[in-house]
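Use these hints to put chain U onto chain H, whose structure you have.
Chains as they are written, first to last, in this note's numbering: chain H, 0 to 117; chain U, 21 to 215.
Keep in mind that the hints were calculated from the coordinates and are not lab data.
Since this is a predicted model, take the numbers as computed values, not measurements.
A virtual CB, placed ideally from N, CA and C, is assigned to each residue, including glycine.
Warning: the hint list may mix true and false statements.
So these bits of chain H aren't anywhere near chain U, every CB distance computed over 12 Å [stated by the list, open to error]:
1. Val35
2. Gly45
3. Gln49
4. Gly115
5. Val117
Listed next, the stretches of chain U that the computed footprint assigns to chain H, with coverage defined by at least 3 CB atoms under 8 Å from CB atoms of chain H [claimed, not checked]:
6. 45-56
7. 127-139
8. 195-201
Straight line, CA to CA, 25 Å or less: simulated BS3-like cross-link-like pairs of lysine-lysine [as the list claims (entries may be wrong)]:
9. Lys78(H) to Lys22(H)
10. Lys108(U) to Lys22(H)
11. Lys78(H) to Lys185(U)
12. Lys108(U) to Lys183(U)
13. Lys108(U) to Lys185(U)
14. Lys108(U) to Lys214(U)
15. Lys63(U) to Lys185(U)
16. Lys214(U) to Lys63(U)
17. Lys78(H) to Lys183(U)
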Amino acid sequence: MDAHATHGAEAAHDHSGPATYFKIGVVLFVLTGLEVGAYELAHRGGTAEQVLGPVVVPVLLILSALKFALVAGYYMHLKNDHRAFTGLFVSGLIIATVVIVTLMLLMSYHLNYNQGLV
Amino acid sequence: MTAHAMEMHTATGLDNRKVAIWTFIASECLFFASLISTYLVYKGRDTAGPTPSEMLQIPLVTIGTALLLFSSLFVVLALNGAQRGNRKALIGWLGATLVCGIFFVAMQVYEFQHFVHEGLKLQTNLFGSSFYTLTGFHGTHVTIGVIWLASIFWTALRGNLPKEKAMNLEIAALYWHFVDVVWIVIFPVVYLMKD
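Bound-form chain H, shown alone:
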């Protein structure tokens, strides 16, 4: 049997099927609703804004990270696929995170320095 031909048979035994994909889809939809809800509450004024305002950014980042992990794990099949693919993707993500943090720190300092703020 051709190596590619085994893929279909293998997929039939994969734990991730349409039912799982639909469940993940519902979770993603709910998480997006929570994101928008958190934003709206944090900008509504009154008690909600006082409570949620200071923590809305970390809340949004956590919700975003959850959605990211669900899509990568289930829809991109990293949960069941070869670990080398996870390694490749995570390597890119780690370097990307370092790039974002480093650039923000360096450029913020540079811009503040030029404006005489440091």
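Structure of chain U alone, referenced to chain H:
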């Protein structure tokens, strides 16, 4: 480790096309990281408007976000259909994916036109430059994904995508999911943290 990965007759035992697309996706992480960090560095440093708070509209983009999330669900269902040899599921879900992708691009075109009409152009201020560059490159990626998936849809319609060739769709689907996860980051960072 999947049986499929083990049975490939390559030096690594992995399908070379999957290694290639994952390597490409890893490199794309760096590309979008540079664009996102540039947007964040310049955020709030404009001396003249329009500002993100004045321009960005949450309801429209929330619909676009939902469309991209639905499209990710639809393409994985299409892939499942392709791997099982279910042509009806493959064509139906892939068609739904294309519709969502086209509507997302249309949403972005409408948003850009609206912003230009309101006075925010690429050269207007730092927000305009960094916003259009970041979301524009993402929109370009979505457009490329739509064209790629449309070509596979056409192949499937002609009956030339048997389950033995499901990997062709899997590679395109991985790219499409990546475009989705990039938006999962852009949506809160740019739109929900606009203040």
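Against the structure, the hints:
Distance check on Val35(H): its Cβ comes as close as 5 Å (rounded) to a Cβ of chain U, failing to clear the 12 Å threshold; non-interface status is violated. Every CB of chain U is more than 12 Å from the CB of Gly45(H) (nearest about 17 Å), matching its label as outside the interface. For Gln49(H), the non-interface assignment is confirmed: its Cβ lies about 15 Å from the closest Cβ of chain U, beyond the 12 Å cut-off. With a closest Cβ-Cβ approach of about 14 Å to chain U, Gly115(H) is found to remain outside the 12 Å limit, as its non-interface label requires.
Non-interface call for Val117(H) relative to chain U: holds, since the shortest CB-CB distance, roughly 15 Å, exceeds 12 Å. Coverage of a stretch by a chain is defined here by at least three residues with a beta carbon nearer than 8 Å to that chain's beta carbons; for the segment 45-56 of chain U and chain H the count is 10, and the condition holds. Judged by the Cβ-Cβ criterion of 8 Å, the segment 127-139 of chain U is not covered by chain H as claimed, because only 0 of its residues qualify and three are needed. With 4 residues having a Cβ less than 8 Å from any Cβ of chain H, the segment 195-201 of chain U passes the three-residue criterion, so the hint holds.
About 16 Å separates the Cα atoms of Lys78(H) and Lys22(H), which keeps this hinted pair within 25 Å; it holds. Between Lys108(U) and Lys22(H) the alpha-carbon distance is near 22 Å, which keeps this suggested pair within the 25 Å criterion. Our distance criterion of 25 Å between C-alpha atoms is met by Lys78(H) and Lys185(U), whose separation comes to about 22 Å. For the suggested pair Lys108(U) and Lys183(U), the alpha carbons sit about 13 Å apart, so the restraint of at most 25 Å is met.
Between Lys108(U) and Lys185(U) the CA atoms are separated by roughly 16 Å; this keeps the pair inside 25 Å, and the hint holds. Our distance criterion of 25 Å between C-alpha atoms is broken by Lys108(U) and Lys214(U), whose separation comes to about 43 Å. Straight-line distance between C-alpha atoms of Lys63(U) and Lys185(U) comes to about 46 Å, which puts the hinted pair past the 25 Å bound. Restraint check: the Cα-Cα separation between Lys214(U) and Lys63(U) comes to about 9 Å, which is no more than 25 Å; the hinted pair holds.
For the hint linking Lys78(H) to Lys183(U), the alpha-carbon distance of about 22 Å falls within 25 Å, and the restraint holds.
Checked against the numbered hints given earlier, the structure breaks hints 1, 7, 14, 15 and satisfies all the rest.
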